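From just these sequences and the hints, can you work out the full model?
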Amino acid sequence: MTHLTLYNTRTRAKAPFVPLDPANVRAYLCGPTVYDRAHIGNARNVVIFDVLIRLLRRLYPKVTYVRNITDVDDKINVRAKERGVSIEEVTAGPIRWYHEDMGALYTLPPDIEPRATAHIPEIIEIINKLILNGHAYEAEGHVLFSVSSDPEYGKFSGRTLDELIAGARVDVAPYKREAGDFVLWKPSTPDLPGWESPWGRGRPGWHIECSAMSWRHLGENFDIHGGGDDLIFPHHENEIAQSCCAFPGSHFANVWVHNRMLLVNGEKMSKSLGNFLVLHEVLEKAPGEAVRLMLMRAHYRQTLDFSDAGLMEARKELDRFYRALELHHGVEPAKTVPEEVMDPLLDDLNTPGALAGLHALADQAIAGDAQAAAEMRAAGDVLGLLNMTPEVWFAGGIDDAVKALAESRVAARKAKDFAESDRIRDLLLKDHGVIIEDGLGGTYKLRKA
RNA sequence: GGUCCGGUGGCAGAGUGGUGAUGCAGCGGACUGCAAAUCCGCGAAUGUGGGUUCGAUUCCCGCCCGGACCUCCA
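Plus 30 on top of the position in the first sequence (first one is 1) and you've got the working numbering.
Hints listed in this document are in silico derivations from the structure and should not be mistaken for laboratory results. As the structure is a prediction and not an experimental result, all values here were calculated from the model. Treat the hints loosely; a few may be bogus.
[Stated by the list, open to error] Cut-off 16 Å, straight-line C-alpha distance, at most; resulting in silico cross-link-like pairs (EDC-like, lysine to aspartate or glutamate): (1) Lys-159 to Glu-143; (2) Lys-298 to Asp-335; (3) Lys-301 to Glu-314; (4) Lys-475 to Asp-456; (5) Lys-346 to Asp-393; (6) Lys-444 to Asp-468; (7) Lys-478 to Glu-421; (8) Lys-433 to Asp-393; (9) Lys-105 to Glu-119; (10) Lys-92 to Glu-118; (11) Lys-111 to Glu-226; (12) Lys-475 to Asp-411; (13) Lys-44 to Glu-343; (14) Lys-478 to Glu-314; (15) Lys-475 to Asp-447; (16) Lys-298 to Glu-362; (17) Lys-433 to Asp-468; (18) Lys-301 to Asp-66; (19) Lys-216 to Glu-168; (20) Lys-105 to Glu-118; (21) Lys-159 to Glu-250; (22) Lys-478 to Asp-335; (23) Lys-206 to Glu-170; (24) Lys-206 to Glu-250; (25) Lys-475 to Asp-429; (26) Lys-433 to Asp-456; (27) Lys-475 to Asp-335; (28) Lys-346 to Glu-362; (29) Lys-216 to Asp-103; (30) Lys-216 to Glu-250; (31) Lys-216 to Asp-104; (32) Lys-478 to Glu-467; (33) Lys-478 to Asp-468; (34) Lys-478 to Asp-429; (35) Lys-433 to Glu-467; (36) Lys-105 to Asp-66; (37) Lys-315 to Glu-297; (38) Lys-315 to Glu-343; (39) Lys-92 to Asp-141; (40) Lys-433 to Asp-447.
In structure tokens:
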């Protein structure tokens, strides 16, 4: 297989990926709303999209990857009010954490990381177009999108307007003409952040910022739009409605890539169950690369159960990969990604299949094949794995005192004082969490347990 | 209720209309002072009942079970 195939939520089918402009593939990922630490679900989303971006960069000369930051929303406003600070002060920390946490997972930064607050003029411009087109109306200081004005509305997420209205679970605001109408712009009271607009001082609704930022940075039409599958409705349905109605004749994103939600130890992650896994805390328990591999162990369109046991297995898999690389010290990455890894990835990002391919390469490398080791490095580049040397992976952070202790065991072994030798080995493991592996001729290696 | 997805060895998890990947765990052996790692080998699975077919885990239908979404959650 030499061509990338992706499942497209819009068509509910897999199809060969055909870029609008092969000289510049344009992709957009719905980024974080920055009011708190990122959780493990955010991480899956970003890691999967990262693999897609890395793969696209192997296939096309240029890829423009845009991932927004939503830095104005009601949750942010609530926190700002609670603390008596500006929304900038609320979002600064979460933005920094987000970059740190995603960096720890070896995800590449986006080429452009636009912020909602820096795109208010674009937001206002789109809303203006929608009003002029008859797709939006003003009511009591709000501007609302009229879903019945868009015959395409609901098609993306596979629902009808009747269903939407019948199924509405929330109280319908009195100023809405129809229950399904959603807010594009809402008024701000003096104590809330706001921007001047033709409809008075206010702030954007939830969905409009993605329409504005993708338009500004990628154009009316672009190639790929990603996100968690919980965003299919209403967020993406509404983005499509806004953008396509504001720019008649456009189709917005060509291909929609949605990852499934994940479970935590078999249960849905939710605050009420108390199993909400904050990425930062997971990273304290396991190396970032192990967390990343764990997130790639299931296909992105399958439910993934993020368990402690799975995390440990992910670490052991990496141990095996690095052991294979250790035998071929300093090997450079091969120029091309071997097909046993590339083919599964080209088939709708089959990361478990790619990992199986990586294990097959590890078998060969362990058997002495240096080319296989070089190919492992190339595969690691596209998967975002094997980012360090085996030495750092196994022994990084082991301090000198522990190393000296291990060294003291050499003499004991040489004198065949195995009681002492074993005592030191136990000590290393129990007190310092370090495993010692003996090699030939009195050599040994240390690794973190 | 509506829409959609899934049920594969002990666990995790792919693929496939024709003797079911891969990893972890387990078992036997080699190696080792003993371990660890590595190597060789072993056992072990397609929820259930029908249908289509020469042949179904794969396609179709029913049933059972689990999950997701249905207005601010990635």
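Structure-based check of all given hints:
1. The straight-line distance between the Cα atoms of Lys-159 and Glu-143 is roughly 25 Å, outside the 16 Å bound, and the hint therefore fails.
2. Restraint check for Lys-298 and Asp-335: the C-alpha separation of about 9 Å stays at or below 16 Å, so the hint holds.
3. Taking the CA atoms of Lys-301 and Glu-314, the gap is about 20 Å. The hint is violated against a cut of 16 Å.
4. Distance check on the hinted pair: Lys-475 and Asp-456 sit about 15 Å apart at the alpha-carbon level, within 16 Å; holds.
5. Note on Lys-346 and Asp-393: the hinted pairing holds, with a Cα-Cα distance of about 15 Å set against a maximum of 16 Å.
6. For the proposed pair Lys-444 and Asp-468, the alpha carbon gap of about 12 Å is at most 16 Å, so the pair holds.
7. Distance hint between Lys-478 and Glu-421 is fulfilled; the C-alpha atoms sit about 11 Å from each other, no more than 16 Å.
8. Using a Cα cut-off of 16 Å, the hinted pair Lys-433 and Asp-393 is violated, with the two alpha carbons roughly 30 Å apart.
9. Between the alpha carbons of Lys-105 and Glu-119 the distance comes to roughly 14 Å, so the proposed pair stays at or under 16 Å and holds.
10. Taking the CA atoms of Lys-92 and Glu-118, the gap is near 33 Å; set against the 16 Å cutoff, the hint is violated.
11. A C-alpha spacing of about 20 Å is found between Lys-111 and Glu-226, which places the hinted pair above 16 Å, so the restraint is violated.
12. Pair hint Lys-475 plus Asp-411 does not hold up; C-alpha atoms about 27 Å apart against a cutoff of 16 Å.
13. The suggested pairing of Lys-44 with Glu-343 is violated, with an alpha-carbon distance near 31 Å, which exceeds 16 Å.
14. A C-alpha spacing of about 15 Å is found between Lys-478 and Glu-314, which places the hinted pair at or below 16 Å, so the restraint holds.
15. A distance of roughly 19 Å separates the Cα atoms of Lys-475 and Asp-447; the hinted pair therefore is violated under the 16 Å criterion.
16. Our distance criterion of 16 Å between C-alpha atoms is broken by Lys-298 and Glu-362, whose separation comes to about 42 Å.
17. A threshold of 16 Å between alpha carbons decides the hint, and for Lys-433 with Asp-468 the separation of about 14 Å falls inside it, so the pair holds.
18. About 13 Å separates the Cα atoms of Lys-301 and Asp-66, which keeps this hinted pair within 16 Å; it holds.
19. Between Lys-216 and Glu-168 the alpha-carbon distance is near 10 Å, which keeps this suggested pair within the 16 Å criterion.
20. For the hint pairing Lys-105 with Glu-118, the CA-to-CA distance comes to about 13 Å; that is within 16 Å, so the pair holds.
21. Using a Cα cut-off of 16 Å, the hinted pair Lys-159 and Glu-250 holds, with the two alpha carbons roughly 13 Å apart.
22. Restraint check for Lys-478 and Asp-335: the C-alpha separation of about 26 Å exceeds 16 Å, so the hint is violated.
23. For the proposed pair Lys-206 and Glu-170, the alpha carbon gap of about 10 Å is at most 16 Å, so the pair holds.
24. For the hint linking Lys-206 to Glu-250, the alpha-carbon distance of about 28 Å lies beyond 16 Å, and the restraint is violated.
25. Distance hint between Lys-475 and Asp-429 is fulfilled; the C-alpha atoms sit about 14 Å from each other, no more than 16 Å.
26. Proximity of Lys-433 to Asp-456 is assessed by CA-CA distance (about 14 Å); at most 16 Å being required, the pair is judged to hold.
27. At roughly 34 Å between alpha-carbon atoms, Lys-475 and Asp-335 are farther apart than 16 Å, so this suggested pair is violated.
28. Among the hinted pairs, Lys-346 with Glu-362 is inconsistent with the structure: their alpha-carbon atoms are about 23 Å apart, more than 16 Å.
29. Annotation: proposed proximity of Lys-216 to Asp-103 holds, straight-line Cα distance about 11 Å (limit 16 Å).
30. At roughly 24 Å between alpha-carbon atoms, Lys-216 and Glu-250 are farther apart than 16 Å, so this suggested pair is violated.
31. Distance restraint check for Lys-216 and Asp-104: the Cα-Cα separation of roughly 11 Å lies within the 16 Å cut-off, and the hinted pair is therefore satisfied.
32. With a CA separation close to 11 Å, the supplied pair Lys-478 and Glu-467 stays within the 16 Å bound.
33. With a C-alpha separation of about 15 Å, the suggested pairing of Lys-478 with Asp-468 holds against the 16 Å cut-off.
34. Distance restraint check for Lys-478 and Asp-429: the Cα-Cα separation of roughly 11 Å lies within the 16 Å cut-off, and the hinted pair is therefore satisfied.
35. At roughly 13 Å between alpha-carbon atoms, Lys-433 and Glu-467 fall within 16 Å of each other, so this suggested pair holds.
36. Our distance criterion of 16 Å between C-alpha atoms is met by Lys-105 and Asp-66, whose separation comes to about 10 Å.
37. For the suggested pair Lys-315 and Glu-297, the alpha carbons sit about 20 Å apart, so the restraint of at most 16 Å is broken.
38. Between Lys-315 and Glu-343 the alpha-carbon distance is near 13 Å, which keeps this suggested pair within the 16 Å criterion.
39. Proposed proximity of Lys-92 and Asp-141 is supported: the alpha carbons are some 11 Å apart, at most 16 Å.
40. A hinted pair counts as satisfied when its Cα atoms are at most 16 Å apart, and Lys-433 with Asp-447 does not qualify at roughly 19 Å.
Violated hints, in rising order: 1, 3, 8, 10, 11, 12, 13, 15, 16, 22, 24, 27, 28, 30, 37 and 40; the structure is consistent with all others.
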